[in-house]
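Those protein sequence lines, which keep their order, are chains A, B, C and D. Everything in the first sequence is counted per our numbering, starting at 100 for the first residue and increasing by one. Everything in the second sequence is counted per our numbering, starting at 100 for the first residue and increasing by one. Everything in the third sequence is counted per our numbering, starting at 100 for the first residue and increasing by one. Everything in the fourth sequence is counted per our numbering, starting at 100 for the first residue and increasing by one.
Wrong hints could be hidden among the right ones.
[Stated by the list, open to error] Using 25 Å as the maximum straight-line C-alpha spacing, the simulated DSS-like pairs for lysine-lysine come out as follows:
(1) C:240 / D:298
(2) A:164 / B:273
(3) A:287 / A:267
(4) B:120 / A:120
(5) C:209 / D:115
(6) C:209 / D:267
(7) A:298 / B:181
(8) D:120 / D:267
Since the hints were made in silico from the structure, they are not lab data.
Number of protein chains: 4
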Amino acid sequence: MEYNEKQIHIMDTAEKLFATKGFNGTSVRDIAEAAEVNLAMISYYFGSKEKLLEAVFVYRSEFFKLQLESMIQNKELTPLQKMESLIDEYINKLTSQQYFNTIMLREQMKNSNPLVIAQIYNLKNRNMLLIQELIEEGQKKGVFTNDINIYLLMSTMVGIANHVHMTKQYFAEKQGLQGLSEEALMKKIQMILSQHIKKIFKTILTNEA
Amino acid sequence: MEYNEKQIHIMDTAEKLFATKGFNGTSVRDIAEAAEVNLAMISYYFGSKEKLLEAVFVYRSEFFKLQLESMIQNKELTPLQKMESLIDEYINKLTSQQYFNTIMLREQMKNSNPLVIAQIYNLKNRNMLLIQELIEEGQKKGVFTNDINIYLLMSTMVGIANHVHMTKQYFAEKQGLQGLSEEALMKKIQMILSQHIKKIFKTILTNEA
Amino acid sequence: MEYNEKQIHIMDTAEKLFATKGFNGTSVRDIAEAAEVNLAMISYYFGSKEKLLEAVFVYRSEFFKLQLESMIQNKELTPLQKMESLIDEYINKLTSQQYFNTIMLREQMKNSNPLVIAQIYNLKNRNMLLIQELIEEGQKKGVFTNDINIYLLMSTMVGIANHVHMTKQYFAEKQGLQGLSEEALMKKIQMILSQHIKKIFKTILTNEA
Amino acid sequence: MEYNEKQIHIMDTAEKLFATKGFNGTSVRDIAEAAEVNLAMISYYFGSKEKLLEAVFVYRSEFFKLQLESMIQNKELTPLQKMESLIDEYINKLTSQQYFNTIMLREQMKNSNPLVIAQIYNLKNRNMLLIQELIEEGQKKGVFTNDINIYLLMSTMVGIANHVHMTKQYFAEKQGLQGLSEEALMKKIQMILSQHIKKIFKTILTNEA
DNA sequence: TATGAATGAGGTTTCATTCAT
DNA sequence: AATGAATGAAACCTCATTCAT
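Construct all of the structure, not just a fragment, from the sequences and the given hints.
Written out as structure tokens, the structure reads:
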């Protein structure tokens, strides 16, 4: 599917609103106004509000995919270093695609649109495969333990990172960081998260603190 | 605030629907039909849909509070044992109050009703205090390390547990557990989660794998 | 019809609200709350909101009747003096019964309840008779002219007085009297109105300025 | 603000209903049915029932303004003749815009919409200025007395005319004019009112009967 | 291709009244 | 005699979508 500039603009606007106010909390009128396009355009381009959501998913999933292939092939990195790379890549995606990520979280909570669910599972499976590959490499090389539950590992990374992102306002308050700019706060969170998750992964993967 | 049986029944019904379909995705009519009460009853008892949500929060928050006081005073348990107890208690609450928990997650995602936000922060702060107390006890006794970020620790427990709960269907598929009853699956997840989080906490708190 | 204290209290409250917000703009709940009585009391005592309005009319009409009989019999007063007395009496009623008067004005504007219309016509007719009597006395004595349109005369008094009352806020602004207390303003208006209408009546009745 | 035919049609219909049944006594459904438009059109065009009232006010105020500029400049008319012209113009407006006038009267009785109040004051102030101008001209020329209260003068004209209009049914009954067509009755009232108010004005302005 | 106008359906809330006690 | 609980009806408004152009 090819989208023109206006369509992409609508999707960007919708993505932000869906993330902020929820799918049902966002009216087509809201989107049209925020995107400064004619109300009828949205049905005209996407068919319906539901299909607009699907379009956002199909379109954004592409950008959300972790780009790790070359790094994984890199023979100069240890399995643990590669895993750390993956963690950073994930945290980066989360930060740069926070609206889309929020929508994904929301949609996982309800019996959502099948196409949307499929996209989410797709992404999850892709990430799973990358982690799986790394785990197996580490296990073969004898640096990772043998009893690793990939699903739990992934949930650890995704769960912690998402929770911190979702509650970043609370975090800022508790850590006395309300003064920080949004950008600076995000950077700080990224750093802390990266370090924290890496530490946890090391223990899980290598059984060493 | 005292509620009569009918009011509690409406709140229970609303809680389930809000969790399943979201606040905006649930109409007052949905609630009235599901609860088998007259549509006008809901405004009559709660004033508005918004205030019904607030009522659910105020009412359920009570049940969601961790009950750990006596355990914490118990001098026969080590700090780590107490922390493990806290983890189990939290995971139990999550399981038994999963609808309410889902609503809380949803509400944290948007600029929600101030009263609702206040209730959530309240609960978070309570839990923080309990963890704080335990950490300090452990540090005094020299069994916990000194550089523990409470907020990160809490986010670790809450984030992982919630993520696994939210995606339990995906988990079941990946682990080949689709055959299990809902109840059995929940039990399994509880067990796995408990073990997993305890392991992570041990590393973070004691720096030992 | 005899009313108990509570019923009178409800009617007083309703009178004020009907005058201030209009019949349709006032809900039975409003009245119940303002009167601090149980909501069901109103239907219970008066049957319906409509019948409450009727009750207010029947009850208040009594108080609104001009009390001029003895004055009219007084042989020491000239017809013009009697007419001036009548003007003062009317203006007094208007001031002391302003809520009821406002309701009457409102109800005359629409196709109102027949009983209400009847009450209003009743009052009007009574006043008409008094004026008629005075006019005839004046004409017999040769101090009033012979071509007096009673209806126009009455409309002059009632129209001017009501209009000034209704727009008293505008009047206060224009005359720089915003600082005055409500009471002082009413007194001032009463005085000005009395003088003004008397002057007009003199011209109409005697053809002298 | 430019309105299309349909919008004007809706405003005309609403004006009539608001005048006849009051703002609160008129439902949006009433208006939609009377105007034979879809119910949603009204919100679509005007936003809300309240804003429709405002629109009626803004739109109609234009037509209600007295058009007297050229007459006032006319050097061949005496101040009194001009004042009589003004009276006729006002009575004409009242007759031709009776629905709008009724709404204005209603709205002055309650704490109404600020925009509506502003429009009313606007109109009043405009009329006041015209009268003021005429009075001053008359006083300069020595034909009017010096102690004229403009506000009272205006209230005299407006109050009498409105009261007669409002109670024209009663008038018709009392004068034995029930047989007359609506139009003929209006004409009769206009004539009588004009003559009556002019007479009163002459006395007030010149102190001559 | 693009859009202003339009609309049926359904949203939440309030209403006056009734009923069981 | 008095009232808390309840409710059907109707209020206003917004929704996603369609249609004529």
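Results of checking the hints against the structure:
With a CA separation close to 24 Å, the supplied pair residue 240 of chain C and residue 298 of chain D stays within the 25 Å bound. Straight-line distance between C-alpha atoms of residue 164 of chain A and residue 273 of chain B comes to about 20 Å, which keeps the hinted pair within the 25 Å bound. Note on residue 287 of chain A and residue 267 of chain A: the hinted pairing holds, with a Cα-Cα distance of about 11 Å set against a maximum of 25 Å. Only pairs whose Cα atoms come within 25 Å are accepted, and residue 120 of chain B paired with residue 120 of chain A is accepted, the gap being roughly 14 Å.
For the proposed pair residue 209 of chain C and residue 115 of chain D, the alpha carbon gap of about 11 Å is at most 25 Å, so the pair holds. The suggested pairing of residue 209 of chain C with residue 267 of chain D holds, with an alpha-carbon distance near 12 Å, which does not exceed 25 Å. A distance of roughly 23 Å separates the Cα atoms of residue 298 of chain A and residue 181 of chain B; the hinted pair therefore holds under the 25 Å criterion. With a C-alpha separation of about 17 Å, the suggested pairing of residue 120 of chain D with residue 267 of chain D holds against the 25 Å cut-off.
Against the hints set out earlier in the document, no violation occurs for any number.
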